[in-house]
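Required output: the full structure, derived from the provided sequences and hints.
The listed protein sequences derive, respectively, from chains R and Y. The first sequence begins at 1 in my numbering and counts up one residue at a time. The second sequence begins at 1 in my numbering and counts up one residue at a time.
None of these hints come from the bench; they were simulated from the model. Keep in mind that a hint or two might mislead.
Covered, in the sense of this in silico footprint (three residues per stretch, anywhere, with C-beta under 8 Å from a C-beta of chain R), are these stretches of chain Y [as the list claims (entries may be wrong)]:
no., region
1, 3-9
2, 14-23
3, 302-308
Each residue gets a CB set at the ideal place from its N, CA and C atoms; glycine is no exception.
So the chains spell out like this:
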Amino acid sequence: MSPPVVQLRGVGKRYGPLHVLRDVDLELGAGELVAVVGPSGSGKSTLLNLMGTLDRPSSGEVLLDGVGAGRLGDPALAALRAGWIGFVFQSFHLLDGLDAVGNVATGLLYSGLPGRERRRRAADLLRDLGLGDRLGHPPSALSGGERQRVAIARAVLARPALLLADEPTGNLDSAAGADVLALLTALRAEGTTVVVITHDREVAATMPRRVELRDGRVVADVAAGQR
Amino acid sequence: MSRLAARDLVGLAGSGLRRHPLRAVLSALGIAIGVAAVVAVLGVSRSAQAELAAQLDALGTNLLRVQAGSGIGLGDAVLPASADAAASRVAPVTAVSAVADVDATVRRNELVDAAETGGIAVKAAREDLLGVLGGHVASGRFLDGALGRYPTVVLGHIAALRLGVGPGVTVWLGDQRFLVVGVLDPLPLAADLDRSALVGWEVAQARLGLSGEPTTLYLRAAPSQVGAVRDVLPAQVNPEHPENVAVSRPSDALAAQLAAEDAFTGLLLGLGAVALLVGGVGVANVMVMGVLERRGEIGLHRALGATRAHVRRQFLAEAVLLSALGGAAGVGAGAAITAAYAVTRGVAAVVPVEAVTGGLAVALVVGALAGLVPAVRAARLSPVQALRTAG
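This is the structure:
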């Protein structure tokens, strides 16, 4: 049996005297779609950063595809982020100087592929996502929902095994948010493990699995099928 | 493996600069001014030196001037009447000519007071003087065997300007009319003759009371023997009182001018270096601001798979690109200044290759140094920190 995509073993994170996460154990399999919920300050973003190797735990261990991230150096972690992990942010983090294709193509910037190939794949993906008429638009000319779809396209361009989305619908109205959620759900069907942070109970309710955090601890881990 | 191709690195650096074009231009301006100063200083001084060296080459460095020494107890020393014949017997001496001071003034006409010199000396000259000095007549002709016996005069170039006359006009020399037959071009190796009126030796003896002893000898020696000739000349010219003979080499003054240009160049280069330093500080300042403003972008790139080394290289490349553009603009400006100088001075423009390559190299080094600290700081940012602070 293949190892879990993400496995957290007794993970804690401290910032000085502040315990943001305590003793978290969590396992995510391939193709899972998981919502992480909880009040603000409960450690959701920290949990996501630890899964994405953007941060290192103070205690415990984060295993990605069975490999302890703590044993990897900066180049190996960067390589993981370049190809195996995709990130989506609440504030999109699109680059104003680039058009939609250029922004999506940065998803493969560190892959070693030539620039023309990166742009070709980015344009293909944007067309698949229904943004074919927005290829040359700068982010400032796109609506909020379009921007987030561009950001998701950038995150999945390298076909990552793990997609981490921090409040992807937080800045969107409900219609645009529904579009984005539909897109994330569709990715899951292709075998990508998707983790979505949300404080929106309605959004969380549509997800097959919900992990609830409170004060840095996992207080609930519910699969929708168990209802 | 996370990779970043060189072409992408340059592209990222360029897009970083395009974000704030005005800021980029202003900070590159410091570098540009510094490099322009260095290139222009070297170019202008090299052009001037090339001109001086060419002049020196054309005039020759083998001219020697022999004068009666002056000093306490020597009185109005003169050279012996046989001095020029004696000098010409020194084997490496190829040509000898002489002038003698004449006690007279030259005036525009008889109404001007005879004591009024106008700063113009009257000298008797041998016919071969111009050939030995390597001089040319600007208009008219020089004294020759026939003219030298008659009351004719050739004016140095400043003397002609001061008298306001040219060939064909008569001037008053002592109490007699002399016909101006020629005006000379400037004589860089005998500038005192520029302020002189030259008459023939015979007419000076016959009409102006010249006793016949030369005041100054001009002679050319074989170039390799100039030093040796210089050493033996006093005893040869005046065996009884060699200490009364002073030998000089007029081209030394031009050579000294060449050396002086070097010292001046050094000073200006120092100023250029200061400008470059200030430019480097400007670039560093802009890069530090850029790192602060672009924390979110740095975090994004880390999330996209950039290693710390990639981030460091991006900011370093941006700083180097910025100062390289400044350096290139500076080289262009410096070359243009040199060309403008050369055109106004009528000399050939020389832009030294080492100034161009050196200027660019210094710009690159300054950029790298200026970018180093900001780049290292950018690379040290933790991705979480960088992303959190971004809007």
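These are the hints, each one checked on the structure:
Interface restraint, the region 3-9 of chain Y with chain R: holds (5 residues with C-beta to C-beta distance below 8 Å; minimum three). For the region 14-23 of chain Y, the assignment as covered by chain R holds, since 3 residues bring a beta-carbon within under 8 Å of that chain's beta-carbons and 3 suffice. Taking a C-beta to C-beta cut-off of 8 Å, the region 302-308 of chain Y contributes 7 residues in contact with chain R, enough for the three needed, and the coverage statement holds.
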